[in-house]
Amino acid sequence: MAEASITPESFLPLTPAVFHILLALADAEKHGYAIMQEIEDATDGTVQMGPGTLYGSIKRMLAAGLIEESDDRPDPTLDDERRRYYRQTGLGRRVLRQEAERMAELMALARRKHVWAVIGSRSILT
Amino acid sequence: MRESAATVDLSVRVYTWLLAAYPGSFRAEYGNHMAQVFRDVCMRDFRRGGARGLSSLWARTSLDLLRTTVEEHIERGIDMSREKFVRWSGWALMAGAVLFAAGLILGSFDPSDMDPVGGVDAFYEISQVVGLALGHVLFVIGLLGLRSGYAIRSGSLGAGLLLLAVIGSVVSLGGLLSMSSTEAAWTAWMGGFLTMTLTLAVFGIVAMRRRVFSRWNFAPVLAGVGLPLLFGIGIAGVDSVSGQAPEWASFVAVALTAVGLILVGYRMQADAGTTPEVAA
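Going line by line, the protein sequences match chains C and Y.
So that you can map any letter, position 84 of the first sequence is 84 in my numbering, and since no number is skipped, the others follow by simple counting.
So that you can map any letter, position 140 of the second sequence is 266 in my numbering, and since no number is skipped, the others follow by simple counting.
Just so you know, the hints here were simulated from the structure itself, not pulled from any lab data.
All figures in this text were calculated on a predicted structure; none of them were measured in a lab.
Virtual Cβ for every residue (Gly too), placed ideally from N, Cα, C.
Treat the hints with care, since some could be wrong.
[Unchecked claim] Chain Y residues, not near chain C, derived (Cβ > 10 Å throughout): (1) Val-167; (2) Ala-177; (3) Thr-187; (4) Gly-300; (5) Leu-320; (6) Pro-354.
[Unchecked claim] Computed from the model, here is a short list of chain Y residues facing chain C with C-beta under 7 Å: (7) Met-160; (8) Asp-166; (9) Thr-194; (10) Trp-342.
[As the list claims (entries may be wrong)] Cβ pair distances, simulated, as ranges: (11) C:Thr-77 with Y:Arg-186: 21 to 27 Å; (12) C:Pro-13 with Y:Met-316: 41 to 47 Å; (13) Y:Arg-193 with C:Arg-102: 23 to 29 Å; (14) C:Met-103 with Y:Leu-192: 28 to 34 Å; (15) C:His-114 with Y:Val-196: 38 to 44 Å.
With these hints in hand, go ahead and build the complete structure from the sequences.
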């Protein structure tokens, strides 16, 4: 798939699963369990992705060119089993950035309408 | 420690078995990885929360499994080409004919057909209901396939007759399914079935003229004349004592209809993929 011919805007808005997976891969390549673990930790357990949702999303993201397979290797923190690692593509990085910008604009709009306010480190709905 | 390993192993084994619900290609590509991830999560949740943690995991995983298997199957799509549909419809028509005939014949052994379902004659009553209901459903599918596969070759008259046959079968099925409620349902059942068979008989004449099937173009005529003949015999030669058509007439009508439909169904599944229209 030629990345240059596909615009990041065409993927928006992202589903929550795709957004979280791209976010989890933003800093380093990871295998499936590590992706699930990072998503759960980052959302304080509110988002718990099952294997079906994870690999269904991975399948579609691979087909769309948002992520690519890295290699199969063991995770030294887990066990000796070989695991398939995934990483973002350039397109995936641009799509994630566009989605984050879109959500930031929506947040700014909500703030202007006094629907959303930030007090100290806590956000509240007004 | 040994207990936790055995519990996790059992969970993973059950989950791996449940992965069979996914489409084959998806399972081949990701099945092992999914089982691997599930094992990791299993061990973590059992370590944190014991049996309760595992139960919570299974609750989440079951929902995930249910939703994503449906998603994956829908995404794979049901690649029902016309050829496949016509072939399967042919089998449906044959099966429907057998069930219909079996239902009617077994139902005729019911000594008291006006009593409620149950008792010593329950077998005959249930066989009749199941045979007729399933038979009619399969008739609808079979006739849809017949129209789908042969409408163009049959010309506008033939296509119109096939459409009428489909409508008749649907009306008949509706009447059958609501038969316990009103007399109108009985009328719908018989009227729909009569429409279906009469139009099939006329379609058979069109089929013989245009050579719609590769062989046995007379088969729709055979399927269609049984019931109208029964009506004719009933009107012209009614047994003056009982006021009903003789039993042999009913048997002949059922047999003709069933054999005719079986022949049509056989031709549909045999011709699928070999005739230009059906292969298109």
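Contradicted hints - numbers only
1, 3, 10 and 12
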